[in-house]
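Asker: Dock chain B against the given chain A, drawing on the hints supplied.
Protein chains: 2
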Amino acid sequence: MPEIVRVNMRNGQITRQDNKGYELLGGRALSARILLDEVDPTCEPLGAFNKLVVANGLFAGTPASSGSRTSIGAKSPLTNGIKEANVGGNFSWILGRLGIRAIVVEDLPQDDHSYVLIVSPDEIKLEVRDDLKYLGTYDTTNKLLEQYGNRASVLCIGPAGERMLKASSVAVSDPQGELKFAARGGLGAVMGSKGLKAIVAVGGKENKVEYHDRDAFVTAARKYTTALATSDKVKNVNQKVGTNGIFLAVNAMGALPTRNFSQGSFEYAENLSGETMYETIVKRGGEGRTGMTCMNGCAIKCSNIYPDENGKKICSTLQYENIALLGSNCGMTNLDDVARLNHICNDLGLDTIEMGATLGIAMEMGLAEFGDIEAAVKLFQEIYDNTPLGRVLGNGAHVTGEVLGCRRIPVAKGQAFAGYDPRALKGNGVTYAISPMGADHTAGNCFGARNEVDPLGTTQQGDLSRNTQIKITTLDCLGLCMFARPPLFAEPELLATMVNSLLGTELSVDDIWQIGYDTIKMEREFNLAAGISPAQDKLPEFLYTEKLEPTGSVFDLSEEEINKAIVE
Amino acid sequence: MPEIVRVNMRNGQITRQDNKGYELLGGRALSARILLDEVDPTCEPLGAFNKLVVANGLFAGTPASSGSRTSIGAKSPLTNGIKEANVGGNFSWILGRLGIRAIVVEDLPQDDHSYVLIVSPDEIKLEVRDDLKYLGTYDTTNKLLEQYGNRASVLCIGPAGERMLKASSVAVSDPQGELKFAARGGLGAVMGSKGLKAIVAVGGKENKVEYHDRDAFVTAARKYTTALATSDKVKNVNQKVGTNGIFLAVNAMGALPTRNFSQGSFEYAENLSGETMYETIVKRGGEGRTGMTCMNGCAIKCSNIYPDENGKKICSTLQYENIALLGSNCGMTNLDDVARLNHICNDLGLDTIEMGATLGIAMEMGLAEFGDIEAAVKLFQEIYDNTPLGRVLGNGAHVTGEVLGCRRIPVAKGQAFAGYDPRALKGNGVTYAISPMGADHTAGNCFGARNEVDPLGTTQQGDLSRNTQIKITTLDCLGLCMFARPPLFAEPELLATMVNSLLGTELSVDDIWQIGYDTIKMEREFNLAAGISPAQDKLPEFLYTEKLEPTGSVFDLSEEEINKAIVE
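Protein chains in written order, with our numbering: chain A, 55 to 622; chain B, 55 to 622.
Isolated chain A, as found in the complex (with noise of 0.2 Å):
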């Protein structure tokens, strides 16, 4: 069975549990369950009551593509409700292997120093590691998979988190050594509020991944593997621009945030382009990649390296978020500008989506140009240097933008926009406004659908954004990655199928959705008695009353079509 994994941070105390009782219940649906169960919804996030829990899915550790995501979850500080946010990279794939299901962090340390966690067949221990305080991501899991070896995966926090900046992520390391982040929420200074830094897993010979059914599950699993590996888009969209292949598609709907989502186009879009990006990482070559795995045995392979002119890495993964909100939505004119901050934001440790709209907001209100990467990356540098304003800038949108009086905030629930305007891409902005993770789209992302749903009529937006809310959740609690939803979403008996055969249970492919949607109802339950009530379901107002060009559409979605997507 499964272990779930207790670190106390007052007294030092590791103990470990079987998961009884929580045997269904992986990543996204674990982290609620658990936080519902032992967390005050009204503390403090970033007090002694708040516990971080790093799950991974029921899929974590097996062969199953894409399926060893780590979930992050807790209150978090910048929505104040429940949060979670999922990552690739092969924390999880390992932990799965080493029979861990989930760690929880709990309470605060007495003293000042910084903790590591190892995880290894052998033991589990904490070690006070002042050396790595305050160092970047990157020296952080380079010093740590030096001593602890290149099969070993690290999650960590940067100096931002351990400043507890509300932007703050989680970097894991993946089987290249390079980064991948759970972003959103701030879920890093919850890290950094208990003094830890890194937590490493350490492989072992033993897999103790139980199967109730081994060969029916390696079967499927192979079968989705294969479908998701053969499929048009993973061959020739994703394992070549990875997941900005859609940037000229969101420019042209006019949805795309440009200059603090003050423009739903941006006149150098094809600079920014997924195709402008993948021609630029070929031509250049050197440490340049395209087509890159982030856990073991991926079969999307949507990450990137990308240099340089003298072919020197800049930065390591681009992707479509990144470039919307630290690209077009600050008015940078090309990508080797947009992978300098992006891996600038990375190795501080902060959400580069929170990040891209707080620099927006501070360019409308005039701290810098719209475009101007110096500028840009000064700002950055008042964060390296925790200045007032770099910690005004590093806990994110809502606080800079009523710091700097600023009228125009692109937030949901405390929480940036992801990159998509809500008024041209309506079911995205009733995902922002209802779902509990706040302006988050992968909390159900309408844009795929824009052929069923058009993205500004204001009929079905409702139950769109509700269903894709329900079924990404599904995948989250598996472990599984959103970019593996094709092959799924279209012959959901494979999820079943690979369910079953894991944990020998019977469940069908309602039962399969079930998951996602009792989730979020755990979820919303949290976040009603944290005192979010459904009067904070709402967008910024300027979306309202601002005309987006080149649409001209506002958001006007009635509310009833809006509260179709609550789930309870």
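None of these hints come from the bench; they were simulated from the model.
Small disclaimer: the values here were computed from a predicted structure and weren't measured.
Built from N, CA and C at the ideal position, the CB exists for glycine as well.
Errors might be hidden in some of the hints.
Said to hold, decoys possible - Cβ pair distances, simulated, as ranges:
hint : chain 1 : residue 1 : chain 2 : residue 2 : range
1    : B       : Asn440    : A       : Glu545    : 56 to 66 Å
2    : A       : Ser612    : B       : Gly75     : 48 to 58 Å
3    : A       : Asp439    : B       : Asp426    : 16 to 26 Å
4    : B       : Arg205    : A       : Asp94     : 54 to 64 Å
5    : A       : Asp184    : B       : Val431    : 52 to 62 Å
6    : A       : Gly75     : B       : Cys97     : 52 to 62 Å
7    : B       : Ala270    : A       : Ser612    : 30 to 40 Å
8    : B       : Val431    : A       : Gly75     : 57 to 67 Å
9    : A       : Thr69     : B       : Asn440    : 32 to 42 Å
10   : A       : Gly75     : B       : Asp426    : 50 to 60 Å
11   : B       : Glu428    : A       : Asp426    : 29 to 39 Å
12   : A       : Asp426    : B       : Gln164    : 25 to 35 Å
Answerer: What follows is chain B alone, placed relative to chain A:
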């Protein structure tokens, strides 16, 4: 019939209507009713859909002592709920006699001008006065009084309000041309958001106050005023040491905010006491004065001018809350320093309570040493200079604590505690937690009842807070000062007689208190609709876990006890 004047800042339109339907509503009750009827509770406080209500109480313009306070109401940018702050000064005495019950400021201007509203017997008009832009409250007031005469009264904001900083107050001039402040809740920022720099009330010869039975009113008002003027407390305390008469008593009970609420008593308390203040003012002479009125005909006379060693005015007026928050809470060891900070807050148009709490946090987080007056003045200079740090501080304790990463933030519903630590005066903790006003001593101060209810006890606090809240709210609706309460609470029939003889009603004493009750109910209804759920009726965690010396007390009331104070 008294008029309600509406000013639309978008189109400059001014409309006048009688107060039909609102006859029984004054001050806080009237603004609650107008906001509940006309403002979407989920609106953005600094946006187009909020309204600023400048209302006077039912007794405005009458000879009832201390009965012409000005009430400012709006959705607060600090608490995100409904807010009312009331203030002395001569503004509402003039408005009452002009036959105006309220001015409702609506929408946003479409330009960047500074507007002044002139209200005179001849006309009501809006003027562009860019010469006043970013002037301090004193310069603004002096310039307008020079123009409109010393018998006019100016209601204005300082640069903080114009810059929409959330700790901004609204200033009102008194008969001496000194300023009083409707300080709490950031209502100055709402006024600033609307481009309104000032309102000038110019009196006329005619007195439009309508009495149902003038003689009966005057008889009752005289009886009340005499009782007030001849009471021991007014003669021996208020007129000498003002509200600061309680300083040593609060210190002795261990409830004095000291060094960011980390102690309940201050080793330099003697230096800051009312007695020291009085002796210093008398000894230094010059411009120094005690026993000053802030409204025509007020018997309490608790205002003062505090002079420097050469007799030159540093500040008017020093009051208990300001001395507690800017003094002991910032570790300031003498009144000269407090007066200096107080004057700066007044000039910027900032709430001294909010700023004292803010400075305490900044000091705890290392931006200045406790007690370092020059460092404190430098921090305020950042606000004058509108730097990012200045904007952080000017947005109050909650934002400052969040940005600086402080875990000890003394606020409830986003607003700073007043001068009573809830651990040693638990009734005030209940008021801070439950009142729709957020942490606000004027919303239900339980200090005066310390002989009836043990301030450290865990019972009777809910009922005490509730009853105090209701009665004080009634005074807020009538336009009366809370320091007029002793004779009114002792003989509430006087209140009923005054209201009935004024309006021709037949209200009983119970009906009089019902005014307060109904008002709080409206406010709570607004807040619930605004998304402030009962889960937010809570105090910060450090009060529950950190013992306050010298009593060693924590805030340990049960939820049940706290919730007894809810008016619903």
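Asker: Starting from the range 16 to 26 Å, see whether the pair aspartate 439 (chain A) and aspartate 426 (chain B) falls in it by beta-carbon distance.
Answerer: 23 Å, holds
Asker: Could one say that the CB atoms of glycine 75 (chain A) and aspartate 426 (chain B) fall in the range 50 to 60 Å?
Answerer: 56 Å, holds
Asker: Take the C-beta atom of glycine 75 (chain A) and the C-beta atom of cysteine 97 (chain B), compute their distance, and say whether it sits inside 52 to 62 Å.
Answerer: Cβ of glycine 75 (chain A) to Cβ of cysteine 97 (chain B): about 45 Å, so the range 52 to 62 Å is violated.
Asker: Note whether the CB distance of aspartate 426 (chain A) and glutamine 164 (chain B) lies within 25 to 35 Å or breaks it.
Answerer: 29 Å, holds
Asker: Using the beta carbons of valine 431 (chain B) and glycine 75 (chain A), state whether their distance is inside 57 to 67 Å or not.
Answerer: Hint holds: Cβ distance 60 Å, inside 57 to 67 Å.
Asker: Should the hint that threonine 69 (chain A) and asparagine 440 (chain B) are 32 to 42 Å apart at their CB atoms be regarded as holding?
Answerer: 52 Å, violated
Asker: Starting from the hint 54 to 64 Å, judge whether the C-beta atoms of arginine 205 (chain B) and aspartate 94 (chain A) obey it.
Answerer: The hint (54 to 64 Å, Cβ to Cβ) holds, given that arginine 205 (chain B) and aspartate 94 (chain A) are roughly 57 Å apart.
Asker: Is it true that aspartate 184 (chain A) and valine 431 (chain B) lie within 52 to 62 Å of each other by Cβ?
Answerer: About 37 Å separates the Cβ atoms of aspartate 184 (chain A) and valine 431 (chain B), which means 52 to 62 Å is violated.
Asker: Within 29 to 39 Å: is that where the Cβ-Cβ distance between glutamate 428 (chain B) and aspartate 426 (chain A) falls?
Answerer: 36 Å, holds
Asker: Per the hint of 48 to 58 Å, is the separation of the Cβ atoms of serine 612 (chain A) and glycine 75 (chain B) within bounds?
Answerer: 31 Å, violated
Asker: Does the Cβ distance between alanine 270 (chain B) and serine 612 (chain A) fall inside 30 to 40 Å?
Answerer: 55 Å, violated
Asker: Is 56 to 66 Å right for how far apart the beta carbons of asparagine 440 (chain B) and glutamate 545 (chain A) are?
Answerer: 60 Å, holds
Hint compliance for this structure: hints 2, 5, 6, 7 and 9 are broken, all remaining hints hold.
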